[in-house]
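*Asks:* Sequence:
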Amino acid sequence: MGLTNADIGLMLLFYQAVSSITQPFFGRLCERYGGRLFAVGAIIWTALLFAGTLFAESKLVITTLIALAGLGSGAFHPQGTANSTLAGGSKLGATTTSLFFFGGTLGTALLGSALGGLLIANYGRVSLVSIAVLNIALALLVVRRLVPRRLGAAAPGTASDGREPAEQGRMVWLVLAVLLGAIALRALTQQAIVTYVPKYQEDLGVSAAVYGSVNSLFLAAVAAGGVLGAYLADRLGIARILVLSLLLTAAALWGYVRLTGMGSYVSLVIAGLFLGPSHTLLLVTGQQRSPERMAVMSGVFLGFGFVSGAVGTWILGLLADQAGLASTLAVLPFIALVNGLLALLAVARIRRPNPAAAELATGH
Numbered sequence: 036m037g038l039t040n041a042d043i044g045l046m047l048l049f050y051q052a053v054s055s056i057t058q059p060f061f062g063r064l065c066e067r068y069g070g071r072l073f074a075v076g077a078i079i080w081t082a083l084l085f086a087g088t089l090f091a092e093s094k095l096v097i098t099t100l101i102a103l104a105g106l107g108s109g110a111f112h113p114q115g116t117a118n119s120t121l122a123g124g125s126k127l128g129a130t131t132t133s134l135f136f137f138g139g140t141l142g143t144a145l146l147g148s149a150l151g152g153l154l155i156a157n158y159g160r161v162s163l164v165s166i167a168v169l170n171i172a173l174a175l176l177v178v179r180r181l182v183p184r185r186l187g188a189a190a191p192g193t194a195s196d197g198r199e200p201a202e203q204g205r206m207v208w209l210v211l212a213v214l215l216g217a218i219a220l221r222a223l224t225q226q227a228i229v230t231y232v233p234k235y236q237e238d239l240g241v242s243a244a245v246y247g248s249v250n251s252l253f254l255a256a257v258a259a260g261g262v263l264g265a266y267l268a269d270r271l272g273i274a275r276i277l278v279l280s281l282l283l284t285a286a287a288l289w290g291y292v293r294l295t296g297m298g299s300y301v302s303l304v305i306a307g308l309f310l311g312p313s314h315t316l317l318l319v320t321g322q323q324r325s326p327e328r329m330a331v332m333s334g335v336f337l338g339f340g341f342v343s344g345a346v347g348t349w350i351l352g353l354l355a356d357q358a359g360l361a362s363t364l365a366v367l368p369f370i371a372l373v374n375g376l377l378a379l380l381a382v383a384r385i386r387r388p389n390p391a392a393a394e395l396a397t398g399h
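The numbering of the sequence shown is the numbering used here, which starts it at 36 and goes up by one.
Hints in this document: simulated from the structure, not taken from any laboratory. It cannot be assumed that every hint is accurate.
Stated by the list, open to error - Simulated pairs of lysine to aspartate or glutamate, DMTMM-like, Cα-Cα distance not exceeding 25 Å: (1) Lys126 with Asp42; (2) Lys234 with Asp356; (3) Lys234 with Glu327; (4) Lys234 with Glu66; (5) Lys126 with Asp356.
To be verified - Listed next, with one range per pair, are the computed distances between beta-carbon atoms: (6) Leu72 with Leu294: 44 to 54 Å; (7) Val207 with Ile155: 45 to 55 Å; (8) Leu47 with Met297: 39 to 49 Å.
Bear in mind that the values here come from a model prediction, so they are computed numbers and not experimental data. Ideal Cβ positions, reconstructed from N, Cα and C, are used throughout, including at glycine.
Could you put the whole structure together from the sequences, leaning on the hints where they help?
*Replies:* Rendered as structure tokens:
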């Protein structure tokens with residue numbers, strides 16, 4: 036069909052926009068009608084629409100199908116994130132949530148890239164229908180049994196600080212606004228690295244094999260750091276690990292922009308390891324502020340992260356066109372530093388919940 040890079044980018048933009056905008060809405064529906072329906076339905080919906088693109092014969096039809104597939108992502112992630120946190124309870128909530136995101140990354144790499152490429156190379160594009168069939172089977176046979184019919188709720192565990200209810204309500208909204216700012220900067224940092232570091236390395240004359248491997252190692256470090264950091268947060272406290280990981284990310288990114296050769300590559304991978312935990316920890320922190328609306332909070336934070344990261348990366352691209360990629364990437368350590376300070380400001384307002392009072396219901 037001859038899709039251009041601009042065509043592919045536009046399709047991805049529509050998919051992410053639909054997914055981001057609808058996540059809070061689906062989060063509320065999950066709380067009202069239960070998570071199982073949306074978990075199973077979202078997988079089947081997405082699989083069928085992506086399979087439909089294999090038989091589409093026009094760019095308009097493909098774009099429409101991909102945009103509508105974003106509804107599946109919007110429906111799946113709020114309930115999945117909330118159920119993951121609930122499954123871990125008060126002791127391992129961050130760890131189980133990080134495993135949920137790690138599973139998505141692993142699935143994209145294995146089914147999307149590795150298996151998908153193998154099928155296309157050997158059997159042609161239409162063979163990707165088999166992945167859709169596999170996903171539908173898993174949804175009906177496995178996900179339907181594992182996901183609770185009703186979405187549970189976490190018991191509020193934050194102690195009263197003596198403020199009047201109205202003042203406490205204003206404080207909650209202030210904390211959530213600061214957390215959303217931190218989510219935006221965190222999403223911008225990762226998306227900017229994934230988008231512009233390979234282009235920067237290419238401009239320096241580095242081979243595609245080298246900068247491709249470095250990019251893969253960075254993403255692997257983000258995934259591994261997410262799980263490890265979440266586990267440490269469950270043991271040592273979310274606030275401590277969240278702020279420390281972001282400050283260490285800033286330091287590692289400073290090393291990347293100041294060093295050359297192997298030193299810069301090592302610094303970038305280390306930055307990925309430290310950046311990994313903050314995605315899950317910011318999300319769980321937001322859930323703690325509204326335990327009776329965990330799915331909605333998940334949808335708001337995930338959706339806002341997708342949109343703000345994309346917009347911020349676009350703005351950095353405009354800056355790079357004027358000032359150069361080297362100067363633009365040099366801004367990233369300061370973005371990560373501000374990110375850490377915002378996280379510190381947010382978690383300073385949150386008291387660690389009483390484990391006995393904050394034990395989470397599973398909702399089966």
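*Asks:* Now tell me if each hint is right for this structure.
*Replies:* Hint check results:
1. At roughly 46 Å between alpha-carbon atoms, Lys126 and Asp42 are farther apart than 25 Å, so this suggested pair is violated.
2. Distance hint between Lys234 and Asp356 is fulfilled; the C-alpha atoms sit about 12 Å from each other, no more than 25 Å.
3. For the suggested pair Lys234 and Glu327, the alpha carbons sit about 44 Å apart, so the restraint of at most 25 Å is broken.
4. Between Lys234 and Glu66, the direct Cα distance comes to roughly 43 Å. Violation of the 25 Å bound is thereby established for this hinted pair.
5. Annotation: proposed proximity of Lys126 to Asp356 is violated, straight-line Cα distance about 47 Å (limit 25 Å).
6. Distance hint check: the CB atoms of Leu72 and Leu294 are about 51 Å apart, consistent with the given range 44 to 54 Å.
7. Under the hint 45 to 55 Å, the C-beta atoms of Val207 and Ile155, about 49 Å apart, fit the expected range.
8. As the Cβ distance of Leu47 to Met297 is approximately 33 Å, the hint placing it in 39 to 49 Å is violated.
Hints 1, 3, 4, 5, 8 from the earlier list are contradicted by this structure; the remaining hints agree with it.
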